[in-house]
Amino acid sequence: MDYKNIEHLIKVMSESNLTELEIDGDDVKIKMKKEKEVFKEIKNGIEPKISIEDKVVYGKTEVKDNYNDSKATAVLSQITVENTDECEEVVSPIVGTFYQSSSPDAEAYVEVGSKVKKGEIIAIIEAMKLMNEIEAEFDMEIVDIIVKNEAMVEYGETLFKVKRI
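Its first residue numbered 1, the sequence shown is counted upward by one per residue in our numbering.
Each hint should be verified, as a subset may be incorrect.
[Said to hold, decoys possible] Keeping only pairs whose Cα atoms sit at most 30 angstroms apart, straight-line, the calculated DSSO-like set for lysine-lysine is:
id, residue 1, residue 2
1, Lys163, Lys11
2, Lys33, Lys11
3, Lys148, Lys11
4, Lys148, Lys33
5, Lys34, Lys11
6, Lys163, Lys148
7, Lys31, Lys118
8, Lys4, Lys148
9, Lys115, Lys29
10, Lys163, Lys118
11, Lys129, Lys118
12, Lys34, Lys4
13, Lys129, Lys31
14, Lys117, Lys129
15, Lys29, Lys11
16, Lys115, Lys11
17, Lys33, Lys4
18, Lys4, Lys115
19, Lys129, Lys148
Hint data in this document are derived by calculation from the structure and do not stem from the laboratory. Just so you know, these numbers come straight off a predicted model, no measurement behind them.
Sequences are here, hints too, so could you generate the full structure?
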């Protein structure tokens, strides 16, 4: 199941009266639970921005995304995704700022679903004004990009989930 399908399930869950949904397939297990609804009062005709916090857990790796959406009315508390495929992690070799492209106007080196050959650049980490290229250590397919562009990363932090090809 890809990220788009999971996003669709989140949307369906938030727009319905369901409070809990569990899907158990061959290669993925998804459990969604909606704990509470948040309604904000509209003052002076301006709609407030409501933050939806999705917490996605892949095995031991946790990803947290915050979205600002003025139309949102519900907070999904937790979504658990257990991927049973043999995924490996690409981790940060240094502390720094993660970049998906060589410049703000350039295309990202990789996207989810990209097939990468050994030695190809998949990201850059800036540390002390030096740009450190992160290269693929083996032929791989990008399963998930864990870190957002321009985010600070720690040594050993998971950047990508990948499959060997």
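Against which earlier hints does the structure fall short, listed by number upward? Going through the list in order, the structure violates hints 7 and 13 and respects the others.
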